[in-house]
Amino acid sequence: MNIDFPHRQFAHCESGVTANLLNYYGLPCSEALAFGIGGGLFFAYVPFVKINFLPLTTFRIGPGSIFKKTTKRLGVKVGRQQFKDPRAAEQELDRLLASGCPVGAQTGVFWLPYFPPAYRFHFNAHNLVVYGKEGDEYLISDPIFEEPVRCAARDLRKARFAKGALAPKGKLYYFEKMPERFDVAQAAVAGIKDACWAMLKIPLPLVGVHGIRLLARQLAKWPVKLGEKDALQHLGHVVRMQEEIGTGGGGFRLLYAAFLQEAAELLQNRPLLELSERCTAVGDRWREFAVAASRVCKGRQAGPDAFRELAELLRHCAGQEEALFTDLHRAVSARTR
Amino acid sequence: MKKADVPQQSGLMAGCREVNYAVDDDGSYTLAPSSGWEAKNVALRHAWEAIIEQLEQELAAIRAGRKSPLSYHMVKNQMDPALLAKYSGIPRWRVKRHLKPAVFAKLDRAVLTSYAELFGISIEHLCRVPDVPDLALADFDRSESR
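Chains as they are written, first to last, in this note's numbering: chain D, 1 to 337; chain R, 338 to 483.
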């Protein structure tokens, strides 16, 4: 019951899964396009949700959202299930595979044996496509790996029922029906407006550009508030959330710039090309922050001055993003059909 | 980021390559393979050092008879009592008690089995601890980052 599933490696798991599934069902789609249509770009600093016992900093919209929004905007009918009982979850997965349907699954990273050991930690919003089963092994297309991988049923069961923050509860998702016609351009406009709204307008201090500024304020206080050792742990964690395991670099900003470049052609909207370049500049700025932060971590000098300088870099990112998304919203609003 | 600037600084990725988004010479975006980036390696190594340090503290506490071997395996699996409770289905207050050597020594096989199965080790292995932290990190060299 193996499905001929074309695996492609991408930077990020969920947008990669979405793009690969769309591709399988006959809509050629890049990862960037899936990410953009799904309104993937985001920022939030949520100190009361802990990943690895440290505050959650995220550069993308919540787990499941990219797949949900992309398929909805393209008019794809999808099925989605969560489970209480691991045995039922496995039976349902086998049933779907037997019916010839590649299945998306949310898993924890910690229990997946094909991950390099150093990358295994309790992060539960990973996505992959299961496309077959041979004996006691599942065949998996994990978009952040170069080649398809295999995973023992026992390990996948553990990964699908990982516990803690963002627990997947065996979540499965799959395509039920493709629409007869797509309006990719309109879907892209909806995705862009969505990202602009999320970055600028959500009236919560934790999210969007407000969230970046909040992180800057808090980060400047870490050395005093947490002590040197914990401050460095917190800082290293921000860098990991920004750069590790598939953000495509610069906390998804470079991936989003690639999307804007594609959208410029799709929508015949030249201003988007310039905005794509500005988005690249923001991504590069975030990478500068990562370099500076890693230097502080490596040198173990958690002086208040070093952290204040890092906070200044973050404020700069916030300022650039505020201007970028304001202009982006204007650029697509003027052209909406 | 320019394609030529995509970093190739391998670290703890055990030979895996990921892709980065970068701009090629004529300004269009492409996917470029990367074998790692120093900024990221530093952050990752820093996180592992904290785990190793904590494991060393646990081992010292176990040798001194203040903690049970369970505390070592819990930290090795990057858990705290709350997360271990969720995974094992054993209430948190009981998990905390099991971290005491005297309570752990009297645990019955069923409870030991549920911990051992969760960690993917045998019961004998669960009741033992190594002399130094035994993390399977092939490329990890502590001297390098010091």
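No wet-lab data here; the hints were simulated from the structure.
Some hints here could point you the wrong way.
[As the list claims (entries may be wrong)] DEER-style ranges, computed between Cβ atoms: (1) D:193 to R:446: 40 to 46 Å; (2) D:101 to R:370: 29 to 35 Å; (3) D:218 to R:462: 28 to 34 Å; (4) D:291 to R:446: 48 to 54 Å; (5) R:451 to D:288: 46 to 52 Å; (6) D:4 to R:375: 35 to 41 Å; (7) R:462 to D:274: 32 to 38 Å; (8) D:4 to R:458: 18 to 24 Å.
[What the hints assert, rightly or not] Pulled from the structure, derived: some chain D residues nowhere near chain R, Cβ distances all over 12 Å: (9) 78; (10) 82; (11) 177; (12) 287; (13) 304.
Ideal placement from N, C-alpha and C gives every residue a C-beta, glycine not left out.
Results for each hint:
1. Distance hint check: the CB atoms of residue 193 of chain D and residue 446 of chain R are about 59 Å apart, inconsistent with the given range 40 to 46 Å.
2. For residue 101 of chain D and residue 370 of chain R, the hinted distance range of 29 to 35 Å is satisfied, since their beta carbons lie about 31 Å from each other.
3. Checking the proposed 28 to 34 Å range against residue 218 of chain D and residue 462 of chain R shows it is violated: the Cβ atoms sit about 41 Å from each other.
4. Here the CB-CB span from residue 291 of chain D to residue 446 of chain R is close to 52 Å, well matched to the stated 48 to 54 Å.
5. At roughly 48 Å, the beta-carbon separation of residue 451 of chain R and residue 288 of chain D lies within the given 46 to 52 Å, and the hint holds.
6. Our hint of 35 to 41 Å for residue 4 of chain D and residue 375 of chain R holds, since their Cβ atoms are close to 39 Å apart.
7. For residue 462 of chain R and residue 274 of chain D, the Cβ-Cβ distance of about 60 Å falls outside the hinted range of 32 to 38 Å, so the restraint is violated.
8. For residue 4 of chain D paired with residue 458 of chain R, a C-beta distance near 38 Å fails the hint of 18 to 24 Å.
9. Under the 12 Å C-beta cut-off, the non-interface status given to residue 78 of chain D relative to chain R holds; the minimum distance is some 26 Å.
10. At the 12 Å boundary, the C-beta of residue 82 of chain D stays outside the reach of chain R, the nearest C-beta of that chain being 16 Å off.
11. The Cβ of residue 177 of chain D sits about 30 Å from the closest Cβ of chain R, beyond the 12 Å cut-off, so the non-interface label holds.
12. Listed as a non-interface residue, residue 287 of chain D fails to keep its Cβ farther than 12 Å from every Cβ of chain R; the least gap is roughly 7 Å.
13. Distance check on residue 304 of chain D: its Cβ is at least 19 Å (rounded) from any Cβ of chain R, clearing the 12 Å threshold; non-interface status holds.
Checked against the numbered hints above, the structure violates hints 1, 3, 7, 8, 12; every other hint is satisfied.
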